[in-house]
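Student: Sequence:
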Amino acid sequence: MTSKSDFGAALREVRLLKQLPQESLGPSQSFISAVERGIRNPTLEKFEQIAELLGVHPVTLLAYVSVRDGYSVEALLARIRQELQDLGR
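Take 0 as the starting number for the sequence shown in numbering that gives the first Met the number 0 and just add one per residue.
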């Protein structure tokens with residue numbers, strides 16, 4: 000699993016790639032700033048809201064953290080596919 004700071008840094012990168020200000024992502028600029036600095040974690044509901052406002056699927060945002068940390072996209076997708084198959088999906 001990733002740390003709060005890894006998720007926050009990835010969120011900041013995606014937000015900047017999308018050229019969006021912190022204010023555009025949710026409840027308050029100070030909350031988004033705290034998430035990006037690894038001080039706070041969003042609830043699942045807020046996480047989904049942030050992903051929607053970024054224009055990405057929530058899983059894509061989580062995957063970006065892994066890819067950013069060196070995990071290959073192909074390996075990550077293969078693992079997800081296998082785990083879903085193992086779960087009967």
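These are computed hints drawn from the structure, not numbers from a lab. Hints are supplied without guarantee of correctness; some may be wrong.
[As the list claims (entries may be wrong)] Subject to a maximum C-alpha distance of 25 Å in a straight line, what follows is the list of computed SDA-like cross-link-like pairs (lysine to any residue):
#, residue 1, residue 2
1, Lys17, Asp5
2, Lys45, Gln81
3, Lys45, Ser4
4, Lys45, Ser29
5, Lys45, Glu73
6, Lys45, Val13
7, Lys45, Glu22
8, Lys3, Val13
9, Lys17, Ala62
10, Lys45, Ala74
11, Lys3, Ser65
12, Lys17, Arg39
13, Lys3, Asp68
14, Lys3, Ser29
15, Lys3, Lys17
16, Lys17, Val72
[Stated by the list, open to error] Beta-carbon label-pair distances, calculated as ranges:
#, residue 1, residue 2, range
17, Arg36, Gln81, 32 to 38 Å
18, Ala77, Ser32, 32 to 38 Å
19, Arg78, Glu47, 18 to 24 Å
20, Leu16, Gln48, 31 to 37 Å
21, Pro26, Gly54, 15 to 21 Å
22, Leu19, Val66, 16 to 22 Å
23, Gln84, Ser2, 24 to 30 Å
24, Arg36, Gln84, 21 to 27 Å
Since the model is a prediction, treat every value here as computed from it, not as a measurement. Positions of the beta carbon are idealized from the N, C-alpha and C atoms, including for glycine.
Student: So the hint says 24 to 30 Å: do the beta-carbon atoms of Gln84 and Ser2 match that?
Tutor: For Ser2 against Gln84, whose Cβ atoms are near 29 Å apart, the range 24 to 30 Å holds.
Student: Do the alpha carbons of Lys3 and Ser29 lie within 25 Å of each other, as the hint requires?
Tutor: Answer holds: Lys3 to Ser29 is near 16 Å, not above 25 Å.
Student: Going straight from one Cα to the other, do Lys45 and Ser4 come out at no more than 25 Å?
Tutor: holds, 17 Å
Student: Regarding the pair Lys3 and Lys17, is the alpha-carbon distance no greater than 25 Å?
Tutor: The given pair, whose Cα atoms are some 21 Å apart, holds under the 25 Å limit.
Student: Has the given pair, Lys17 with Ala62, been kept, meaning a C-alpha gap of at most 25 Å?
Tutor: Judged against 25 Å, a Cα distance of about 16 Å means the pair holds.
Student: What's the verdict on Lys3 and Ser65, does the C-alpha distance respect the 25 Å limit or exceed it?
Tutor: holds, 13 Å
Student: Check the hint pairing Lys45 with Gln81 against an upper bound of 25 Å on the C-alpha distance.
Tutor: Status violated; Cα separation ~28 Å.
Student: Below or equal to 25 Å on CA atoms is what counts here, so check Lys17 against Asp5.
Tutor: holds, 18 Å
Student: Are Lys3 and Val13 close enough, with their CA atoms no more than 25 Å apart?
Tutor: Answer holds: Lys3 to Val13 is near 15 Å, not above 25 Å.
Student: Kindly confirm whether 32 to 38 Å is satisfied by the beta carbon distance between Arg36 and Gln81.
Tutor: holds, 34 Å
Student: Do the Cβ positions of Leu16 and Gln48 conform to the proposed distance bound of 31 to 37 Å?
Tutor: violated, 19 Å
Student: Is it true that Leu19 and Val66 lie within 16 to 22 Å of each other by Cβ?
Tutor: Since the Cβ atoms of Leu19 and Val66 sit about 20 Å apart, the hinted range of 16 to 22 Å holds.
Hint check: violations occur at hints 2, 5, 10, 20, 24; the rest are consistent with the structure.
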